[in-house]
Amino acid sequence: MITGRFFAAGADRRIAITILILLAVAVIVPLLNLAVSPTSGFYVPSYIVALTGKYLCYALLALALDLVWGYCGILSLGHGAFFALGGYAMGMYLMRQIGARGVYGNPILPDFMVFLNYKELPWFWTGFDHFWFAGLMVLAIPGLLAFVFGWFAFRSRVTGVYLSIITQAMTYALLLAFFRNDMGFGGNNGLTDFKDILGFNVQADATRSALFAASAVTLALAVFVTWAIVGSKYGKLLMAVRDAESRTRFLGWRAENVKLFAFTVSAVMAGIAGALYVPQVGIINPGEFEPSNSIEVVIWAAVGGRGTIVGPIIGALLVNAGKSWFTGVLPEFWLFALGGLFVAVTLLLPKGIVGMWDSWRGNAKALRAASLAEEAGIDPVVPPPPQIVRSAATRPGDWSSSSPEPQPAA
Amino acid sequence: MSKSHTILYLDGVSVSFDGFRAINNLSLVLDKGEMRAIIGPNGAGKTTMMDIVTGKTRPDEGEVFFDGQIDLTRHDEAEIAMMGIGRKFQKPTVFENHTIEENLMLALKGPRSIFPALFHRRSAAEARQIDDILGIIRLGDKRDQLAANLSHGQKQWLEIGMLLAQDPKLLLVDEPVAGMTDAETEETARLLKEIARDHSVIVVEHDMHFVRELGVKVTCLHEGSVLSEGTLDFVSADERVVEVYLGR
Ligand SMILES: Nc1ncnc2c1ncn2[C@@H]1O[C@H](COP(=O)(O)OP(=O)(O)OP(=O)(O)O)[C@@H](O)[C@H]1O
Ligand SMILES: [Mg+2]
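So the protein lines, in turn, are chains B and G. Position one of the first sequence corresponds to residue 0 (numbering that gives the first Met the number 0), numbered consecutively onward. Position one of the second sequence corresponds to residue 0 (numbering that gives the first Met the number 0), numbered consecutively onward.
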């Protein structure tokens with residue numbers, strides 16, 4: 000019981016540290032890029048800012064997936080679709096910002112529409128010239144799709160492999176749809192050649208730094224929200240549904256609603272990740288719906304440690320850094336390396352990097368305590384670490400752990 | 000036959016799995032406040048009967064009424080649980096990755112929608128209820144341990160504790176003493192008798208000493224229908240019962 004509390008307290012400290020690091024990085028990296036001379040050893044080149052900004056978006060996507068996979072056992076192989084939809088919503092805003100600066104100089108229609116002989120803007124493009132509207136759609140479109148999809152899937156009790164397959168089918172269907180020119184999303188070229196975001200040049204170093212900072216802060220916020228969710232009574236229920244779904248039903252809980260809420264929140268998070276990603280990479284095309292993209296996200300989460308909050312972030316950063324390095328050195332072998340990594344992690348590190356770290360630390364602690372006790376010639380009883388005193392002092396009214404529960408905005 | 004005094008009323012219920020009749024024209028009536036023991040050889044349909052009552056399995060035919068007038072065949076598991084039917088599974092099923100306390104918290108009677116759970120803070124009353132239940136199921140000193148670390152018998156008790164937290168009108172208890180020591184079995188019988196003072200209870204059990212300890216009316220199921228019903232002495236003296244138990 001004591002160790003349970005202690006590790007809970009340890010986990011909370013880890014969350015706080017992660018949030019602090021992300022916030023610090025959001026300030027420091029832009030400073031080192033903008034305010035330090037390029038000749039200085041501390042200078043962070045712009046391409047690194049853009050690259051790590053992209054990784055942070057991937058980390059947010061991996062975290063979103065982990066909320067449903069790690070905490071609720073829903074192995075979604077279609078989370079790339081929510082990411083891409085968020086990206087398209089942002090891309091549509093960025094297209095409208097080009098205005099008359101396109102190749103064809105049409106003030107209303109994006110270039111690809113002029114090229115395809117569109118006479119007027121399709122109805123679903125209205126409003127996207129406003130940032131607030133696009134921002135709303137970034138949340139609403141992935142959220143709505145996840146809600147409708149989840150409504151049917153969870154109500155008809157589709158689980159396990161079947162659910163994974165239909166999520167994969169969903170992203171594949173969207174891939175095919177977005178490839179079509181007459182869909183009005185630029186066909187296989189997608190949306191690109193962006194100029195401005197909120198009136199700032201997307202290519203400028205300052206804008207890139209701002210986007211990087213926005214990604215880091217958003218990820219920090221998502222870490223906090225996820226932590227608040229999984230620490231709440233609802234979070235306990237989410238894990239209960241993962242471990243013994245029918246038990247929750249016989250206790251009167253509607254397991255389908257439990258899943259639906261997490262799935263929708265997760266899709267919204269993925270959509271935000273996509274929206275932050277698009278201005279940083281400068282393009283969104285149907286390739287983002289590629290089923291293999293969604294599978295890669297699963298690998299990131301598995302490598303870092305599913306069912307943890309920090310794990311998927313670490314996994315996404317490490318695997319993508321590896322990918323950037325690998326595709327520079329041995330481009331043909333990246334997919335084999337990725338496959339091999341997944342097999343290795345599944346076999347050797349079933350709990351991922353974070354899980355392995357925890358069990359290693361747990362063992363080390365117990366060993367150290369035992370050897371200390373032996374030296375002192377007393378019973379090898381692990382002395383209670385200081386955190387316990389505090390946690391024991393809190394009222395039994397606290398649901399999750401010794402640390403104060405977050406107060407999500409009600 | 001009047002249903003008004005019954006808590007559970009099954010009439011002519013049948014259900015088949017791939018042509019195999021697991022429940023065959025079963026009729027069973029439980030009065031309000033009654034405790035009933037159900038015995039029967041393996042595969043008699045005892046667990047399937049509970050599946051039907053709790054909405055997990057739909058009967059092919061027959062009537063299933065709760066509390067005199069509620070047609071259970073029209074409701075699903077969660078609705079039936081909210082109406083006041085609690086269930087302990089044959090294989091103890093608790094949330095292994097949660098602590099004992101958290102298990103009870105999730106079972107505690109109260110609203111069952113998402114947003115209240117998201118913003119839930121434990122009240123003093125809830126904390127007291129949980130303390131009471133922990134005392135009853137003798138797991139107070141293990142409240143912060145993961146349920147996965149409990150022994151088989153302790154898991155059975157935790158599940159009974161979750162039933163208590165749910166505070167249902169009717170409890171369906173499937174093989175509560177499997178894996179328990181004699182002392183624990185006796186303790187469980189005492190606990191169930193106490194619960195039966197203000198609840199209706201159906202207990203399925205193979206352990207005849209335990210059933211004798213309960214001292215209630217016994218129903219023997221065989222091949223999906225009632226073979227014999229009465230006191231334990233009457234039922235165990237019934238030739239047909241002796242036959243199905245020995246003639247295998
Ligand atoms: N979902 C199912 N699909 C197919 N057959 C089933 C299903 N559920 C139960 N059965 C069959 O119905 C019969 C009755 O099973 P049930 O579990 O109700 O027996 P029981 O009386 O609880 O036995 P035990 O004492 O072994 O627990 C068995 O032959 C079983 O194999
Ligand atoms: Mg059974």
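Please keep in mind that the hints were generated in silico from the structure rather than gathered at the bench. Don't take each hint at face value.
[Said to hold, decoys possible] Below, a list of computed lysine to aspartate or glutamate pairs in the EDC-like style, where the Cα atoms sit at most 20 Å apart:
id, chain 1, residue 1, chain 2, residue 2
1, G, Lys90, G, Glu62
2, G, Lys90, G, Glu238
3, B, Lys350, G, Glu95
4, G, Lys108, G, Asp75
5, G, Lys55, B, Glu255
6, G, Lys168, G, Asp70
7, G, Lys31, G, Asp17
8, G, Lys141, G, Asp131
9, G, Lys141, G, Asp70
10, G, Lys55, B, Asp357
11, G, Lys168, G, Glu78
12, G, Lys108, B, Glu244
13, G, Lys108, G, Glu62
14, G, Lys90, B, Asp242
15, G, Lys55, B, Asp11
16, G, Lys55, G, Glu33
17, G, Lys55, G, Asp75
18, B, Lys364, B, Asp110
19, G, Lys31, G, Asp59
20, G, Lys2, G, Glu238
21, G, Lys90, B, Glu244
Results for each hint:
Simply put, G/Lys90 and G/Glu62 have alpha-carbon atoms about 27 Å apart, too far for the 20 Å limit, and the pair is violated. Between G/Lys90 and G/Glu238, the direct Cα distance comes to roughly 31 Å. Violation of the 20 Å bound is thereby established for this hinted pair. At roughly 17 Å between alpha-carbon atoms, B/Lys350 and G/Glu95 fall within 20 Å of each other, so this suggested pair holds. For the suggested pair G/Lys108 and G/Asp75, the alpha carbons sit about 18 Å apart, so the restraint of at most 20 Å is met.
Restraint check: the Cα-Cα separation between G/Lys55 and B/Glu255 comes to about 15 Å, which is no more than 20 Å; the hinted pair holds. For the suggested pair G/Lys168 and G/Asp70, the alpha carbons sit about 16 Å apart, so the restraint of at most 20 Å is met. Proposed proximity of G/Lys31 and G/Asp17 is contradicted: the alpha carbons are some 35 Å apart, above 20 Å. Using a Cα cut-off of 20 Å, the hinted pair G/Lys141 and G/Asp131 holds, with the two alpha carbons roughly 14 Å apart.
Using a Cα cut-off of 20 Å, the hinted pair G/Lys141 and G/Asp70 is violated, with the two alpha carbons roughly 40 Å apart. A distance of roughly 39 Å separates the Cα atoms of G/Lys55 and B/Asp357; the hinted pair therefore is violated under the 20 Å criterion. At roughly 14 Å between alpha-carbon atoms, G/Lys168 and G/Glu78 fall within 20 Å of each other, so this suggested pair holds. Between G/Lys108 and B/Glu244, the direct Cα distance comes to roughly 18 Å. Compliance with the 20 Å bound is thereby established for this hinted pair.
This hinted pair does not check out: G/Lys108 and G/Glu62 have alpha carbons roughly 28 Å apart, beyond 20 Å. Pair hint G/Lys90 plus B/Asp242 holds up; C-alpha atoms about 14 Å apart against a cutoff of 20 Å. Distance hint between G/Lys55 and B/Asp11 is unfulfilled; the C-alpha atoms sit about 39 Å from each other, more than 20 Å. In summary, the hint linking G/Lys55 to G/Glu33 is not supported, as the alpha carbons are separated by about 23 Å, beyond the 20 Å threshold.
This hinted pair checks out: G/Lys55 and G/Asp75 have alpha carbons roughly 7 Å apart, not beyond 20 Å. Taking the CA atoms of B/Lys364 and B/Asp110, the gap is near 63 Å; set against the 20 Å cutoff, the hint is violated. Simply put, G/Lys31 and G/Asp59 have alpha-carbon atoms about 26 Å apart, too far for the 20 Å limit, and the pair is violated. In summary, the hint linking G/Lys2 to G/Glu238 is not supported, as the alpha carbons are separated by about 31 Å, beyond the 20 Å threshold.
At roughly 15 Å between alpha-carbon atoms, G/Lys90 and B/Glu244 fall within 20 Å of each other, so this suggested pair holds.
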